[in-house]
Amino acid sequence: MHIDWWTLGLQTINAVILIWILARFLFRPVARMLDERQAVTQAALDAAEAAQQGADRARATAEAEAEALNAAHAARLAEARDAAAREKSRLMAETEAALEKARDAAEAELAGLRRAQQGELRDKAGTLALEIAERLLSRLPDPLPLSGFIDGLAEAVAELPEATRTELGRTGPIGLRAAAEPTEAEREALKSRLGTVLGRPVEIDVTTDPGLIAGLELDASTAMVRNNLRADLERIKAELSDE
Amino acid sequence: MDNPLTLDPLFQLGPVPITAPVLVTWGLIVLIGGGAYFATRHLTLRPGKIQTLLELFVTTIDGQLRDTLNRDPAPYRALIGTVFLFVLLANWCSLIPGIEPPTAHIETDAALALVVFAATLGYGVATRGLRGYLATFAEPSWVMIPLNIIEQITRTFSLIVRLFGNIMSGVFVVGIVLSLAGLFVPIPLMALELLTGAVQAYIFAVLATVFIGAAVGERPKRNLSSQEVSKP
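Chains as they are written, first to last, in full-length UniProt numbering: chain X, 1 to 243; chain E, 1 to 232.
Be careful, since some hints might not be right.
Stated by the list, open to error - According to the in silico footprint, chain X covers these stretches of chain E (three or more CB under 8 Å from chain X):
(1) 26 to 38
(2) 111 to 120
Stated by the list, open to error - Residues of chain X clear of chain E, computed beta-carbon distances all greater than 12 Å:
(3) 79
(4) 90
(5) 106
(6) 137
(7) 161
(8) 197
(9) 200
(10) 229
Keep in mind that the hints were calculated from the coordinates and are not lab data. Being a predicted model, the structure only gives us computed values, none of them experimental. Every residue gets a Cβ at the ideal spot worked out from N, C-alpha and C, and that includes glycine.
Same shape as in the complex, but just chain X (with noise of 0.2 Å):
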């Protein structure tokens, strides 16, 4: 076996250089190729990071933000529901309020109705009493005696005052009215009695009204003495009515 030293130097010679190539112009290129492609996806996932915590961070601001609002939202609406309450409350007390006197006044109208209507029924009433009083007092078949009547006329002479009692009968005879034609001891119980009330004689002119019923009527320029059932059953309605 041969070696050719020549041809062993040249090889290795062509390997170094070879070797040199290469680095040069394949693995050197590569590598700094990989190097920078690694660079730059280590880059962008630093930058996808970095966006994934700013996302982070905005969605974490608007998770806030909405519950605030929905915290604001829900007393909003506590505070509106409240206004409401309120509001429905003072609008039933107003209504209650409304009805109250709506209803009072009705009541009062109503009683004032009732109380008109009884008023009438009374009046009614009244007539009606006078009405049969006067039918049964002249059914009677004596009218009633003057007598029984004349002492209540003077009695209510005698309260009137001092210049009325003072001018009847001065100018003549004082004026009565009766529901009969008196008897002549009736005139004379009369005068009698009017001149003890008036303190001096005086004279009488008597004239007939059946509408009386019974009893005396004097009637003067400035009084009027009322002694008789008619007056009597016109009082009785009057104080019916005024109940």
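Chain X is already provided as a structure; the job is to place chain E on it using the hints.
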């Protein structure tokens, strides 16, 4: 056929005889170097098919170095990658009619082994220092110094003889079968030579890596990802 154990100069360059392995090696240098130059002129972040292939090749070499050395593969990438690529293409030269693989001659294998041996010494001294590297010959005991020195020589010889024997025998067998049987009969053997050439290139590169790893020493294992930043 010619005797594979002898070399006849094709021509003379002054006093230097130029033989066929040298001429084929020059052709391979032009082919590989020119191809690398043109392929890496326009590297981009979005790789094309050729760039993807180159990046796959480089990352595969880096992965092998990282797994074997537990170190940053950058200082060793050019040597191991070049040895693997050259031996592979040189072995496959046998497929071209009329061309013999340079690795079928012992001078080429010896030259490669010498480069690996020199690189082993250089990386060992650079990593451990001269005294530290020489001290490794006395491990585990000074008694082992002669044996360690002999081991350095014998394993380099084994590197030479293994590659030379495999490739030379393949070429020799294909030549004998071709001369005896006919044109298409050696095709299965040539296909086998493809596999043998790839395996031998891989073995040569892995053994070179192991020798360098033994010279630079073991490093505590750590998690080296395939994307570890490395300086070319």
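Which of the numbered hints above does this structure break? Every hint satisfied by this model.
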